[in-house]
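Asker: Let the hints inform the model, and build the full structure from the sequences given.
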Amino acid sequence: MDLKASIRAIPDHPKPGIVFRDLTTLMGNPEAFAHTCGAMAEAFKSRGVTHVAGIEARGFIFGAAVADRLGCAFVPVRKAGKLPSETLRRSYALEYGEDTLEIHKDALPAGAKVLLLDDLLATGGTARATAELIREAGGEVLSAAFVVELEGLPGRAKLEELSLDVWSLTQFKED
Numbered sequence: 001m002d003l004k005a006s007i008r009a010i011p012d013h014p015k016p017g018i019v020f021r022d023l024t025t026l027m028g029n030p031e032a033f034a035h036t037c038g039a040m041a042e043a044f045k046s047r048g049v050t051h052v053a054g055i056e057a058r059g060f061i062f063g064a065a066v067a068d069r070l071g072c073a074f075v076p077v078r079k080a081g082k083l084p085s086e087t088l089r090r091s092y093a094l095e096y097g098e099d100t101l102e103i104h105k106d107a108l109p110a111g112a113k114v115l116l117l118d119d120l121l122a123t124g125g126t127a128r129a130t131a132e133l134i135r136e137a138g139g140e141v142l143s144a145a146f147v148v149e150l151e152g153l154p155g156r157a158k159l160e161e162l163s164l165d166v167w168s169l170t171q172f173k174e175d
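If you're matching positions, the sequence shown starts at 1 in this note's numbering and goes up one per residue.
If you're looking for bench data, these hints aren't it; they were derived computationally from the structure. Where is the CB? At the ideal position from N, CA and C, for every residue including glycine. Keep in mind that a hint or two might mislead.
To be verified - Derived Cβ-Cβ restraints for the label pairs, each shown as a range: (1) 135 with 157: 31 to 39 Å; (2) 73 with 165: 19 to 27 Å; (3) 152 with 132: 23 to 31 Å; (4) 154 with 13: 15 to 23 Å; (5) 20 with 93: 25 to 33 Å; (6) 138 with 98: 19 to 27 Å; (7) 105 with 43: 35 to 43 Å; (8) 43 with 163: 14 to 22 Å; (9) 28 with 105: 32 to 40 Å.
Answerer: Shown next as structure tokens:
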């Protein structure tokens, strides 16, 4: 299946010069969505994943579906102030600002084998902060997986600096 055909490109969003890869069109296509989640689960079914950590917000959609297919737990990684219990937090730089992510302190048992999952890898700040939170919570990040990777941006390198395995289903070349 040609997943790229299911992903809309929106030029100059959120600022001039950026091409936004809109995965809502992929999610709105039942065949493409099922293929995406199935392919991601298939890639990790023999890796011993016990938890899938999905990053707010689109990572929740793909992460929960992949966790279901793998028969393992789903852990939400949320923006600051959204989780109701005691949390661990990590702030990180964005292309145009700063943000903070949180995970419940008790979300992962010691030794949990975690698949970090999000919709898109670009600059890598969000995924790197998530990997650090997973490790702080006592989990082992088996891989950082993405529906789309924007090649030519520093995301992969930023994650490989943490000795993470990086996997993506499809790629777009970005300048």
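Asker: Against this structure, judge whether each hint is valid.
Answerer: The hints, checked one at a time:
At about 19 Å, the CB distance of residue 135 to residue 157 disagrees with the hint of 31 to 39 Å. Distance hint check: the CB atoms of residue 73 and residue 165 are about 20 Å apart, consistent with the given range 19 to 27 Å. The beta-carbon spacing between residue 152 and residue 132, approximately 24 Å, falls within the hinted interval of 23 to 31 Å. In this structure, residue 154 and residue 13 meet the distance hint of 15 to 23 Å, their C-beta atoms being roughly 20 Å apart.
At roughly 19 Å, the beta-carbon separation of residue 20 and residue 93 lies outside the given 25 to 33 Å, and the hint is violated. Between residue 138 and residue 98, the C-beta spacing of about 26 Å keeps the proposed range 19 to 27 Å intact. Between residue 105 and residue 43 the CB atoms are about 30 Å apart, so this pair departs from the stated range of 35 to 43 Å. At roughly 19 Å, the beta-carbon separation of residue 43 and residue 163 lies within the given 14 to 22 Å, and the hint holds.
At about 36 Å, the beta-carbon gap between residue 28 and residue 105 stays in the expected band of 32 to 40 Å.
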